[in-house]
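Asks: If you read the protein sequences in the order shown, they are chains E and F.
For reference, each letter of the first sequence is one residue, going 1 to 188 in this note's numbering.
For reference, each letter of the second sequence is one residue, going 1 to 386 in this note's numbering.
There is no bait here: all hints are sound.
If you want a taste of the chain E side facing chain F, the calculated C-beta under 8 Å gives, among others:
| # | residue |
| --- | --- |
| 1 | L84 |
| 2 | P95 |
| 3 | K107 |
| 4 | N108 |
| 5 | T113 |
| 6 | S115 |
| 7 | D119 |
| 8 | F139 |
Because the hints were derived from the structure by calculation, they are not lab data.
The beta carbon of each residue, even a glycine, is placed where N, CA and C say it ideally should be.
Listed here are the chains, written in short residue letters.
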Amino acid sequence: MKKLLMISMLLMLNACAAFKLVKSQQTTVHGITLTPTSTWNKAGFNQHKKSELWTKDGLGLNELYIIGNINEGESIFKSHNKELPLPTFKKGMLPNELEEFIKTSLKNSHGGTISVTTDNMSPVELGDDIAFRLQLSYFLEHGLKKSVDALLTTKNDKLYVIMYVAPSMHYAQKHQAEINSIFESVVI
Amino acid sequence: MLRLIFIILLTAAGMLSAEASEMTFAPTIDTKYEPDWSSDEGGFWYKVNQIEADIKSSPYLVRDTALNDYVNNMVCRIAGEYCASIRVYIIDNPHFNASMYPNGMMHVWTGLLLRVENEAQLAAVLGHEIAHFLRAHQIEQWRSAQSAAWAAILLDTGIAAVTGVYGVATLAMSGNSAAFSRTHEKEADIMGAELMHKAGYNPTAASELWQRVLEEREQDKSKDSNWSFWASHPPSKERSEYLLSHAHKLKALPKSESQSEPLFKLLSSNYFKLMRNHVDLQEHEQTKILLKRHSSLGYPQEKIDFFFGELYRKRAQDGDTEKALEYYLASIQSPKSPPQAFKHLAYLYLKKKDKEQAKTHFLKYLERAPQAKDKAMIKYYLKSLG
Chain E
1 MKKLLMISML
11 LMLNACAAFK
21 LVKSQQTTVH
31 GITLTPTSTW
41 NKAGFNQHKK
51 SELWTKDGLG
61 LNELYIIGNI
71 NEGESIFKSH
81 NKELPLPTFK
91 KGMLPNELEE
101 FIKTSLKNSH
111 GGTISVTTDN
121 MSPVELGDDI
131 AFRLQLSYFL
141 EHGLKKSVDA
151 LLTTKNDKLY
161 VIMYVAPSMH
171 YAQKHQAEIN
181 SIFESVVI
Chain F
1 MLRLIFIILL
11 TAAGMLSAEA
21 SEMTFAPTID
31 TKYEPDWSSD
41 EGGFWYKVNQ
51 IEADIKSSPY
61 LVRDTALNDY
71 VNNMVCRIAG
81 EYCASIRVYI
91 IDNPHFNASM
101 YPNGMMHVWT
111 GLLLRVENEA
121 QLAAVLGHEI
131 AHFLRAHQIE
141 QWRSAQSAAW
151 AAILLDTGIA
161 AVTGVYGVAT
171 LAMSGNSAAF
181 SRTHEKEADI
191 MGAELMHKAG
201 YNPTAASELW
211 QRVLEEREQD
221 KSKDSNWSFW
231 ASHPPSKERS
241 EYLLSHAHKL
251 KALPKSESQS
261 EPLFKLLSSN
271 YFKLMRNHVD
281 LQEHEQTKIL
291 LKRHSSLGYP
301 QEKIDFFFGE
311 LYRKRAQDGD
321 TEKALEYYLA
331 SIQSPKSPPQ
341 AFKHLAYLYL
351 KKKDKEQAKT
361 HFLKYLERAP
371 QAKDKAMIKY
381 YLKSLG
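Next up, chain E with everything else stripped away, as it sits in the complex:
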């Protein structure tokens, strides 16, 4: 019981001191240069050493993952389950493989219990490079639907991902213009 209380208190403390303001100016995160047009809140803890997590209204309501410089053999999230490893990036992955890579990363980070559906997938010009935009959705166990809007590209055998995750109801659309603007500003 004491142990549980201590863990809860630590989590609460972590939650209180965990955010830092992100100004609406150009910034570079793990090799991805992007320009938010409004302020965000950066979480002090990360899913991964090569990622940052931003939110507008609070985690769970909207989450912007900025993940870059992912090398061959690395995953995009921190693995917590030895029984269900996360997929790793491989050089030369084509869009269909990257789509599956992202979907399985999301699925397995939820213990393999969710089914992730592709809603749209299209090419995007990113300067001289070609990236692609992937729109996904999945249901949480209690039926809450989440939407994922991701921009993916590879450069010099490294993977770069910006992924916006929010409940499909209200929050996915609420900041769509800002997400579009951020995606358009991306330079690798």
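Following the hints, position chain F against chain E.
Replies: Same frame as chain E, but now just chain F:
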């Protein structure tokens, strides 16, 4: 029609039960059991009823009426007079599990359905779960909880079981009450085997199932041998042995025709969705073991070939590209092959720099799936291929 079959089966099961030997363990609840709602057990039921309300609207609930009827009828056949107390929910979760709740709610995960080789093996798991219910193991576990906090965790994990992770008295019970749980597990194994025997199923199937679980685990070299599952369960080898030994003590049943065909027919119509969910885990070694078994169970061959293609393409070890091509090509020989087989073939040809074949297969994919969600991506490639 199903109802008629069910009545015939129940009658047959009743005839068999009259001949059967006495049960080793007797139920500890009666058919209309309800707790005192002001007791701790009443509180436990209240929470579990809430879980049940959630699951009824879960997007992961498999709603195929025929499949649900079939599994429900199997449960009734095994549970006999307790049939009306049990409600089955099939959940699309690719892991191997089933779970039972004190209020009569039973979860059957699709990962279990994908692993059984005959109806009797499924009956073994259903019998095991029904035994947990009849012996009220859940409330004993609840009361054995060392503190209110641990009890809360038990419920939280139960709630998480709406799509998976853990259930109360689940096959994959959390290890904190390991020793206690193992006693219950063994009791449920013995009682489950006797219940399935009474219902006319060969009880050696229970031993066979655990043997398969052990084989799957041993063949999956990507995994640590210290699976948390074993903390709360008798190890598969031990389990398989005592189940076989106990099955041999029960009166031999008359040999009957295979009862599995109708079950596999129903599972076959859901096969692509269920196996897709498993393949998406990218658990390649497990997938390989399952697909090899499925090949002999009558699942649609073009889907099995497709999933073998998926397995080798995603695993991407030396020589896997060629194997993936071979399986996808075998799959597309059938008009019932999934359209995605053409797409993945096209991408594989793209990797091999065979532009003509890539183009041909991208075009066939769009022809088969004109509304594909990734058609903009495919059109981009078609344009770049000229």
